[in-house]
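Chains as they are written, first to last, in UniProt numbering: chain A, 1 to 360; chain B, 1 to 312.
Calculated directly from the structure, the hints in this document are not laboratory data. Computed from a prediction, not measured in an experiment: that's the story for all the values here. Ideal Cβ positions, reconstructed from N, Cα and C, are used throughout, including at glycine. Check each hint, because a few of them may be wrong.
Unchecked claim - In silico DSS-like links for lysine-lysine, alpha-carbon gap of 25 Å or less:
no., chain 1, residue 1, chain 2, residue 2
1, A, LYS185, A, LYS66
2, B, LYS32, A, LYS74
3, A, LYS168, A, LYS209
4, B, LYS32, A, LYS18
5, A, LYS209, A, LYS225
Unchecked claim - Footprint (simulated), chain B over chain A, 3 or more residues, beta carbon under 8 Å:
no., region
6, 288 to 300
7, 316 to 324
What the hints assert, rightly or not - Incomplete in silico selection of chain B near chain A, CB under 10 Å:
no., residue
8, GLU120
9, LEU152
10, ARG200
11, LEU226
12, ARG230
13, LEU233
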Amino acid sequence: MQHSVSIRDLSLNFGSVKVLEHLNLDIAQGEFIVLLGPSGCGKSTLLNCIAGLLDVSDGQIFISGKNVTWEEPKDRGIGMVFQSYALYPQMSVERNLSFGLRVAGMPKDEINRRVARAAEILQIQPLLNRKPANLSGGQRQRVAIGRALVRDVDVFLFDEPLSNLDAKLRSDLRVEIKRLHQRLKNTMIYVTHDQIEALTLADRIAIMKSGVIQQLADPHTIYNKPVNLYVAGFIGSPSMNFLNGTIDGTTFTADDGTVMPINAYEFSSPVTGSRKAVLGVRPEHILLGEAAQAMPFKTEAEIEIVEPMGSETLAWTKVAGVPVTFRCSSDIPLAAGDKVTVGFDIARGSLFDAQTENRL
Amino acid sequence: MADVATQPGQGAETSTRPGFVQRLFLHNITAKVAALPMIATVLVIFVGCTAWTIYYSFTNSRLLPRNDFVGFDQYVRLFGTNRWNISITNLLMYGSMSLVLTLTLGFLLAVLMDQKIRFESAFRTIMLYPFALSFIVTGLVWQWIMNPTLGLQGTMRNLGWTGFTFDWISNPRMVLFALLIAGLWQGVGFCMVLMLAGLRGVDEEIWKAARVDGIPTWRTYISVVLPMMRGVLVTSVVIIGSGIVRLYDLVVALTNGGPGISSEVPAKYVYDYMFGGGNIGQGLAASTMMLVTVMIIMVPWAYLEFGGKGRR
């Protein structure tokens with residue numbers, strides 16, 4: 001199958017600073033890819049390279065099978081949506097949508113047809129004669145998406161499009177972007193630092209750190225089988241609990257001497273001998289009460305802090321001398337100082353080599 | 001003007017809202033006391049002196065002001081004077097050319113400076129430097145440069161180009177352009193710095209969006225960036241415009257109105273009649289006409305800019 005976007009061995013240097021290094025990424029037709037990472041990890045830079053707004057130092061970019069490494073942005077078959085919306089402030093919404101097409105010399109009726117279609121899809125028909133200054137943030141971002149839509153392109157690029165919106169609007173627009181993708185079935189590349197956006201929207205997530213893709217996988221795999229300690233710690237809120245220790249055969253011995261059986265754990269490759277390791281368990285994989293009895297490892301623990309979140313409760317405790325968070329139903333009455341039995345679901349946990357930080 | 005215009009409104013409020021007078025004087029009393037010297041200055045210097053000027057322009061005052069009214073005689077005489085009519089034509093010609101060229105050149109230079117060039121701050125300083133000079137110095141320097149025997153023409157002829165001619169300063173038909181060169185040299189840098197600040201205020205992502213849309217750079221400047229710089233443009237026009245109306249020192253230093261009266265300007269006419277010619281009535285009539293001209297331009301503009309808020 002032909003890739004919609006294909007990045008081969010891409011490198012980008014600013015002077016002596018290497019921002020991207022030998023990066024490879026293949027994106028299938030109609031796929032929704034999210035580039036996720038903290039600020040300065042190179043995700044926006046990568047998007048700008050794909051858009052052609054930055055010249056690459058080395059490597060190639062293919063869009064729809066065509067080598068576009070040195071093409072102008074307008075010739076790449078892309079539409080882009082920016083964080084600050086980047087609407088032309090002195091033009092009406094209608095002009096904003098049609099300006100690029102007019103400059104390109106497209107026939108009037110074709111322009112009108114495309115603008116009408118984009119306005120219909122995004123439900124911005126009543127706004128067409130307004131100026132951007134008279135629109136709300138959500139409406140502006142719709143217009144910005146519309147400007148990409150009228151270009152009738154194969155690939156949509158989103159550069160943190162929801163970061164300037166408030167929380168409620170952000171979740172509304174998130175759903176709308178997902179609906180848009182399902183309707184249009186275009187390839188979409190979406191940059192964000194918000195893991196909720198990434199997990200909810202993406203077909204596949206590429207987690208980046210200092211210009212290198214750490215893991216490229218579907219959200220379920222990223223969440224449940226992170227390839228290394230960095231991905232495990234970055235994804236999930238509250239983040240995964242980590243216990244340092246040693247594995248030896250079928251047991252994991254934490255640094256304070258607590259022994260946990262790890263027969264249930266599926267190693268990605270067979271491990272022999274004893275070695276330093278880190279055990280990671282997500283807060284929702286630590287169970288309470290009767291459910292804990294069935295778990296391979298269980299222990300008594302004292303609750304330190306309780307955070308009721310409405311639909312669920314977060315509790316802080318100490319296991320094997322290390323602070324541990326767990327998540328449970330808000331129906332279970334918990335208070336600071338309570339002694340409870342907690343059980344670790346080792347089978348759904350993750351083990352990492354302490355040296356290489358890779359998944360075992 | 002604004003003070004006068006708001007008074008009827010305030011009067012209406014006094015009748016409907018009790019305690020208004022108290023609030024008018026006592027609310028934020030420290031701020032009002034602090035503003036008092038400036039208010040006094042505005043009232044005495046601007047409003048008072050303007051009234052005085054208009055009043056005595058209707059008298060036949062000579063060396064000293066006299067209350068001897070002669071109606072519009074001074075104005076009739078003014079517009080019958082060849083020198084005044086030439087002054088006005090010169091100002092209109094110089095003003096329109098200077099305004100258009102300063103804005104255009106300033107904008108073009110700012111665009112060039114905006115291309116991420118090296119040594120930008122050095123260039124900026126060089127371009128802005130003439131603005132730090134007095135018009136007298138500018139005028140004197142350009143007088144030397146353009147002097148047919150001492151300046152550029154003489155130098156080139158001495159070097160062997162005997163046909164080289166650059167005598168605008170002594171040519172009545174071209175002397176206005178000589179003034180324009182000096183004026184632009186002085187003013188363009190400042191305009192450029194203002195425009196550059198305006199260009200820098202444009203969001204980087206607007207440029208990216210325009211590139212993705214396939215809009216050529218020049219088109220982006222004209223259709224997107226220039227309309228966004230409205231505030232800077234208004235500021236530039238006001239500063240350049242006020243510089244044009246009070247054009248005096250450059251003319252005095254560069255040509256002193258010559259050759260003949262071919263480069264006279266209204267401000268020089270006013271000065272010469274009031275202080276040189278001992279004809280206060282005539283000078284004040286001329287300066288009143290300058291005020292009227294400025295008003296004709298400024299009042300509709302101010303009305304559009306500040307009066308139409310409800311409609312926008």
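Here is what the structure says about each hint:
1. This hinted pair checks out: A/LYS185 and A/LYS66 have alpha carbons roughly 20 Å apart, not beyond 25 Å.
2. As the CA atoms of B/LYS32 and A/LYS74 are separated by approximately 58 Å, the hinted pair breaks the 25 Å bound.
3. Of the pairs offered as hints, the one joining A/LYS168 and A/LYS209 is violated, with about 29 Å between alpha carbons and a cut-off of 25 Å exceeded.
4. A threshold of 25 Å between alpha carbons decides the hint, and for B/LYS32 with A/LYS18 the separation of about 59 Å lies outside it, so the pair is violated.
5. With a CA separation close to 18 Å, the supplied pair A/LYS209 and A/LYS225 stays within the 25 Å bound.
6. Check on the region 288 to 300 of chain A: 0 of its residues sit with their Cβ under 8 Å from a Cβ of chain B, so the three-residue criterion for coverage is violated.
7. Judged by the Cβ-Cβ criterion of 8 Å, the region 316 to 324 of chain A is not covered by chain B as claimed, because only 0 of its residues qualify and three are needed.
8. Interface restraint check for B/GLU120: the shortest CB-CB distance to chain A comes to about 18 Å, outside 10 Å, so the restraint is violated.
9. The beta carbon of B/LEU152 comes no nearer than 44 Å to any beta carbon in chain A, farther than 10 Å, and the hint placing it at the interface is violated.
10. For B/ARG200, the suggested interface contact is broken, since its CB lies about 16 Å from the closest CB of chain A, more than 10 Å.
11. For B/LEU226, the interface hint holds, since its Cβ comes within 10 Å of a Cβ in chain A; the closest pair sits about 9 Å apart.
12. Because the beta carbon of B/ARG230 sits about 8 Å from the nearest beta carbon in chain A, less than 10 Å, this interface hint is met.
13. Below 10 Å, beta-carbon pairs count as interface contacts, and B/LEU233 has none with chain A, the closest being about 12 Å; its hint is therefore violated.
Of the numbered hints listed earlier, those contradicted by the structure are 2, 3, 4, 6, 7, 8, 9, 10 and 13.
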